[in-house]
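J.: Got chain L; can you put chain S on it based on the hints?
So the chains spell out like this:
2 protein chains.
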Amino acid sequence: MPIRAEIIAVGSELLTPWRLDTNSLFITRQLNLIGALVARKTVVGDRAEDLRASIARALETSDVVFLTGGLGPTTDDINREVVADVLERPLRLDEQVLEKIRRRYQRTGMTMPPNNQRQALVPSGAQVLPNPNGTAPGLMLEESGKLIFLLPGPPRELEPMVVDQVIPAIRTRLGTETTLYRQLKIAGEAESRVDFLASPIYRSYADVETTILASTGIIDLFFYWRPLDADQPEAEGHRLLDELVARVRGVLGDLVYAEAEQTLECAVGELLRQQGKTLAVAESCTGGLIMQMLTEVPGSSDYLLGGFVTYSNQAKIDWLGVKEDDLSVHGAVSPCVAEQMAAGARARSKASIGLAATGIAGPGGATTEKPVGLVYLGISDGSGTESRKLQLNGDRAVIRIRAARTALDWLRRRLV
Amino acid sequence: MPIRAEIIAVGSELLTPWRLDTNSLFITRQLNLIGALVARKTVVGDRAEDLRASIARALETSDVVFLTGGLGPTTDDINREVVADVLERPLRLDEQVLEKIRRRYQRTGMTMPPNNQRQALVPSGAQVLPNPNGTAPGLMLEESGKLIFLLPGPPRELEPMVVDQVIPAIRTRLGTETTLYRQLKIAGEAESRVDFLASPIYRSYADVETTILASTGIIDLFFYWRPLDADQPEAEGHRLLDELVARVRGVLGDLVYAEAEQTLECAVGELLRQQGKTLAVAESCTGGLIMQMLTEVPGSSDYLLGGFVTYSNQAKIDWLGVKEDDLSVHGAVSPCVAEQMAAGARARSKASIGLAATGIAGPGGATTEKPVGLVYLGISDGSGTESRKLQLNGDRAVIRIRAARTALDWLRRRLV
Numbered sequence: 577m578p579i580r581a582e583i584i585a586v587g588s589e590l591l592t593p594w595r596l597d598t599n600s601l602f603i604t605r606q607l608n609l610i611g612a613l614v615a616r617k618t619v620v621g622d623r624a625e626d627l628r629a630s631i632a633r634a635l636e637t638s639d640v641v642f643l644t645g646g647l648g649p650t651t652d653d654i655n656r657e658v659v660a661d662v663l664e665r666p667l668r669l670d671e672q673v674l675e676k677i678r679r680r681y682q683r684t685g686m687t688m689p690p691n692n693q694r695q696a697l698v699p700s701g702a703q704v705l706p707n708p709n710g711t712a713p714g715l716m717l718e719e720s721g722k723l724i725f726l727l728p729g730p731p732r733e734l735e736p737m738v739v740d741q742v743i744p745a746i747r748t749r750l751g752t753e754t755t756l757y758r759q760l761k762i763a764g765e766a767e768s769r770v771d772f773l774a775s776p777i778y779r780s781y782a783d784v785e786t787t788i789l790a791s792t793g794i795i796d797l798f799f800y801w802r803p804l805d806a807d808q809p810e811a812e813g814h815r816l817l818d819e820l821v822a823r824v825r826g827v828l829g830d831l832v833y834a835e836a837e838q839t840l841e842c843a844v845g846e847l848l849r850q851q852g853k854t855l856a857v858a859e860s861c862t863g864g865l866i867m868q869m870l871t872e873v874p875g876s877s878d879y880l881l882g883g884f885v886t887y888s889n890q891a892k893i894d895w896l897g898v899k900e901d902d903l904s905v906h907g908a909v910s911p912c913v914a915e916q917m918a919a920g921a922r923a924r925s926k927a928s929i930g931l932a933a934t935g936i937a938g939p940g941g942a943t944t945e946k947p948v949g950l951v952y953l954g955i956s957d958g959s960g961t962e963s964r965k966l967q968l969n970g971d972r973a974v975i976r977i978r979a980a981r982t983a984l985d986w987l988r989r990r991l992v
Numbered sequence: 577m578p579i580r581a582e583i584i585a586v587g588s589e590l591l592t593p594w595r596l597d598t599n600s601l602f603i604t605r606q607l608n609l610i611g612a613l614v615a616r617k618t619v620v621g622d623r624a625e626d627l628r629a630s631i632a633r634a635l636e637t638s639d640v641v642f643l644t645g646g647l648g649p650t651t652d653d654i655n656r657e658v659v660a661d662v663l664e665r666p667l668r669l670d671e672q673v674l675e676k677i678r679r680r681y682q683r684t685g686m687t688m689p690p691n692n693q694r695q696a697l698v699p700s701g702a703q704v705l706p707n708p709n710g711t712a713p714g715l716m717l718e719e720s721g722k723l724i725f726l727l728p729g730p731p732r733e734l735e736p737m738v739v740d741q742v743i744p745a746i747r748t749r750l751g752t753e754t755t756l757y758r759q760l761k762i763a764g765e766a767e768s769r770v771d772f773l774a775s776p777i778y779r780s781y782a783d784v785e786t787t788i789l790a791s792t793g794i795i796d797l798f799f800y801w802r803p804l805d806a807d808q809p810e811a812e813g814h815r816l817l818d819e820l821v822a823r824v825r826g827v828l829g830d831l832v833y834a835e836a837e838q839t840l841e842c843a844v845g846e847l848l849r850q851q852g853k854t855l856a857v858a859e860s861c862t863g864g865l866i867m868q869m870l871t872e873v874p875g876s877s878d879y880l881l882g883g884f885v886t887y888s889n890q891a892k893i894d895w896l897g898v899k900e901d902d903l904s905v906h907g908a909v910s911p912c913v914a915e916q917m918a919a920g921a922r923a924r925s926k927a928s929i930g931l932a933a934t935g936i937a938g939p940g941g942a943t944t945e946k947p948v949g950l951v952y953l954g955i956s957d958g959s960g961t962e963s964r965k966l967q968l969n970g971d972r973a974v975i976r977i978r979a980a981r982t983a984l985d986w987l988r989r990r991l992v
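So the protein lines, in turn, are chains L and S.
Residues in the first sequence are numbered from 577 upward in steps of one, following the working numbering.
Residues in the second sequence are numbered from 577 upward in steps of one, following the working numbering.
This is chain L alone, in the form it adopts within the complex (with noise of 0.2 Å):
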């Protein structure tokens, strides 16, 4: 049996209409790549019965529990009183805690308000986990062969205290069962089509277990080894997983683009440097989500020109030199407009590509000759120009997501 965990995320403005908790994403994460799983993620606000309630249920059926949230110096805080409480420990002061908060706040030229005596108090027989990002530390209970975790809410604090001393510690006091498992990262393609392609093939695996997640034209395929003989040896799953992955990629060719985590635009820019080749973008529907897909990726100037968000029909003639001409003929959504503006951009900046994006997001500017959906791309490079077309489902934001990682995966197909 895997290890069950169970994650509660306090604060009550978790339960406003306008924060998420995404800090059980990356514990979630975390706790999967050592082979445990998250049985059940709660949140709650800063009433001490609910949160009472919560961690004596999540004890019950979990191996694992994470308190996330309510360590600050505030009496909204209650995390460490109410886990004392339920565990009957009782709540002591930590001169040790004390002073690192005192200095931390000496360093930044401040005094301690006092208020943050709070964060040093520490239920008896809890261990303290150092906070080198923030005053409140996080800590661990052991309690019938159970642990529970509380941790500071901010990620920046959260996230290095669980791979340094979170996860070291479960793998020390509970073991854990090794997970391999395989990634594949797809591009370009309906889930419902690359599952027809895989599925015969991964279905024949009976050890395998394999979870297909779709996200915007991005869809993710895990396989994860569950031996059906407990004492098959590693190396026999490593075996599997290999000849499973290189199957799958047969059926699937240059879908996939990547074998572990990585985002399209971060492949797309891997492709680029290793060619020494540079990029110039011309978008219109797009709007710029292109560039700034492409810009999120750190050091990506190498590459990356830049780009023309040409929003108005002067703008395509003016910066790019696309023929009025054309614009009035065949409209701005047309084959030749996308052509234009992609040969545009790559002459305009002497990139080696150029790559375009013109169409209707909506809700406004469709006809009955081109719906809303209606997308064409463009690519220019040393050997010509061509352009492609698209019919897309889905809001003004999922149109353009979709349009911009459509023409990002055809970069990235021509490039490999």
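Each hint should be verified, as a subset may be incorrect.
Which copy? The list can't say, so a pair holds if one copy fits it or any two copies do.
[What the hints assert, rightly or not] Quick list of in silico lysine-lysine cross-link-like pairs, DSS-like style, CA-CA up to 30 Å:
id, residue 1, residue 2
1, 899, 853
2, 899, 926
3, 899, 965
4, 946, 853
5, 926, 676
Hints in this document: simulated from the structure, not taken from any laboratory.
T.: Same frame as chain L, but now just chain S:
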């Protein structure tokens, strides 16, 4: 006492590191508008025993329980069965529901797969909530004065069902408190400074509860009327809230950009449209993000001519007319380059206004004089050209968002 609700999101995919339960935000907002509070949110997988325990516990402490997801046609989708089991209500096949599902398939030229028959199973005594946007209808059950809603997982199915059917049913069955509230949206200032200015005012209103939420440069102030004397007429609440808002606006001035839910880019767009002005943008460190935000607004082509993402120095020179000398003497991240970028964008597009951002988003590219987070904004219009220096905190993504939002807010404040 306000109505207490609990939301249980069902689906193993929500326990992976990739998926967040976002439906709960929508439901929370709709409940808050009728004065109901969400007391707990839970995510459980497709294990019947976990779900059974969560439902039973929710019914102990909440007036309304929502189950989202888990209404699909496969055997993973167990919500109907588990609810029927917990409430001891036998499931029956609803012929009317089945007929609707069949007809839905026929309209698209397909035959209903046998699996989908499961979606027509209804616990005895449940009311069917029609789903015009999908096959699985919602279900409403009453149990000892409490309400249980089973809702489909896809947001485009769930959202209209909540607004059109669920909220009216809650109002009819449980009654509601009227929640009077006002919202102020603020940009361009730190949360602590906004609270320093506003708190002396709102603290003097004993009948008003204030919430302040900050998210990467945008601050929301909410004032809820919670009269100490429950017999107060609503008119008094409106009078108090209007007075409070006027006084807070008096100290915040043009930091406030909206009194209702609205994005900053939408507020900027409305001002440009009202004043008949056009805009062109030149971006370096923000990499297209300013344009991407502006073009998220449908109809933005009315005032937005286009944008240049000049990532390389050569693009700044060739496309915007930035002087090569200034780039080599002062560097790309300098007041004079920001001003030339803004003026160049305006001149090349013949727009009324040019807006520019150049900076160091990190993690690389910093020097001792120019640290990560240093950003210069430029603005150019008929009255001249000027620049502004920012020193922003955060990682690459946060710096880019803050820079883009500060640029948009600077433009907004010049327009008002």
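J.: Each of the hints needs a verdict: does it hold here or not?
T.: Here is what the structure says about each hint:
no.: 1; hint: 899 x 853; in the structure: both (27 Å within a copy, 26 Å between copies)
no.: 2; hint: 899 x 926; in the structure: both (20 Å within a copy, 19 Å between copies)
no.: 3; hint: 899 x 965; in the structure: within (20 Å within a copy, 40 Å between copies)
no.: 4; hint: 946 x 853; in the structure: between (34 Å within a copy, 29 Å between copies)
no.: 5; hint: 926 x 676; in the structure: neither (56 Å within a copy, 59 Å between copies)
Figure legend: structure checked against the earlier numbered hints; the only hint not met is number 5.
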